[in-house]
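Asks: Chain by chain, the residues run as shown.
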Amino acid sequence: MVEFQLDTVVASGPRIMAALGLTIYISTVSMLFGLAVGLVVSLLRGSGFQPFRLLAVTYISIFRGLPLIAFLIWLYFGVTVAFNIQLSPITAGIVVLTIQSSAYLAEIYRSGMEAIPHTQRQAAVALGLSPVRVFTDVQFPQAVRIALPAIGNEYIGLVKGSALVSVLGVAELMRTSQQLVQFYQLPFEFFTTAAVLYVAVGVGLGRLFRIVEKRIRY
Amino acid sequence: MSGVVLEVNNLHKSFGSLHVLRGLNLTVRRGETVAVIGPSGKGKSTLLRCINLLEQPDEGQVIFEGTDYVPIARRRGLPLRGNPQLRQLRTHIGIVFQQFNLFPHKTAVENVMLAPMRVLGMSKNEARERSLEQLEHVGLKDKVDNHPQTLSGGQQQRVAIARALVMEPRLMLFDEITAALDPELVGEVVEEMQRLAEGGMTMVVVTHHMSFARHSSDRILFVDDGDIVEEGEPDTLFNNPKEPRTQEFLAHLLS
Ligand SMILES: Nc1ncnc2c1ncn2[C@@H]1O[C@H](COP(=O)(O)OP(=O)(O)OP(=O)(O)O)[C@@H](O)[C@H]1O
Ligand SMILES: [Mg+2]
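Protein sequences appear in the order of chains A and B.
So for the first sequence, my numbering puts the first residue at 595; every next one is plus one.
So for the second sequence, my numbering puts the first residue at 11; every next one is plus one.
The set of hints was computed from the structure by calculation and includes no laboratory data.
Incorrect hints may appear among the rest.
When the alpha-carbon atoms are kept at most 30 Å apart in a straight line, the in silico DSS-like pairs for lysine-lysine are as follows [unchecked claim]:
| # | chain 1 | residue 1 | chain 2 | residue 2 |
| --- | --- | --- | --- | --- |
| 1 | A | 808 | B | 252 |
| 2 | B | 153 | B | 134 |
| 3 | A | 808 | B | 52 |
| 4 | B | 52 | B | 252 |
| 5 | B | 134 | B | 151 |
| 6 | A | 754 | A | 808 |
| 7 | A | 754 | B | 52 |
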């Protein structure tokens, strides 16, 4: 084995860190939008109105089943042309990751909601709380606590999924590593660095979620 | 009729093919404590849940302070829980369940504060003050910031009582609230009901606690197979039950 060219990697540090920053930015923005959209989808799914339920179920089935890469390419190279839309690659990536994570998060919320005993709702209703209040004050806070580990997993999954946005030419961690590899001809060094950074972010997020879980445990 | 808080007429409720309530009639007057006894699985809880319309009756009337709420619950387009008139009714009727059903993510005082704030629109400070008062009444002054999991069953049930009472209900429903408690914790919870009964609260108490029924109620209803089989003053019912089924039930209890 040849010597690991750490110097070259370190010299590219600023560029790698910027790329890592973009990776975290894309996944975090997608996560936040995904949390909001997923909540709406799961509310529709649990609503008493059949067409809403059907809509939500269809949404979840489609976007959970669609491979991320297929969705990205379809949106960025297909939809934009067909409908003559201008879309930056970063925006396209965020849109795709948001939609896909919202489909997963909708199901995560639902399993959280279903884990709450129905007697909780009954007690809240018996106090005269409105359906909205029952949800916001009794069900949702409990569902989030139950779902937190799964939400954390989804976040880590998004960080990994964001690597696929590289196919659109976004200079996030994966794409940047490929460029550095081509420039310096050091594939092992730069791909190892990328792998280590992905794992480090995953471990960091895992830690963060554990802390939050402990904080809000009751 | 003046002084009548609750009147239930010809109440029917089925779950699928199971006919649980079969034309039950019941009148509760202001300040009265009515104990409901009877064998398991024969519709006592269902009766209470029909009174505050957590369960929609199939037939009959549930008249609270002069208004029949059954047609209101049945009105089209309004799901049972979203109906504002029913929500209003539920602010006047407190209920305490066998399994406490406290909100685990909230402390004792937050459990009690929730409805005053979210239903009555009280300010946080006022709601907190009143809730602390209620918790003090039930002897939990030093537990107000505990989460339910850190309280004993008896303490949890007293929080549940405070949570209902803070709404200043005009009728209280108790559904076997001592049944899930360790025997040594039953007393402290029964005492709360006695305190309320003596204080003039109107209450319907489903209970297996015969000593409470006998000594603290004004009237006892023996419910079996979805109807009131026999009712009477405690001494009469316990000493001279007329119906064979009542006799059998009481004999079984004493043996
Ligand atoms: N939501 C429901 N769906 C189907 N069946 C139900 C439902 N609620 C109650 N039942 C049934 O109705 C019958 C009466 O139940 P209920 O809880 O009113 O009895 P109970 O007299 O309170 O009994 P216990 O003393 O055990 O609490 C039971 O057979 C029960 O299984
Ligand atoms: Mg019962």
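Asks: With reference to the structure, classify each hint as holding or not holding.
Replies: These are the hints, each one checked on the structure:
no. : hint          : result
1   : A:808 x B:252 : violated (60 Å)
2   : B:153 x B:134 : holds (19 Å)
3   : A:808 x B:52  : violated (44 Å)
4   : B:52 x B:252  : holds (20 Å)
5   : B:134 x B:151 : holds (18 Å)
6   : A:754 x A:808 : holds (25 Å)
7   : A:754 x B:52  : violated (57 Å)
Consistency note: the structure conflicts with the earlier hints numbered 1, 3, 7.
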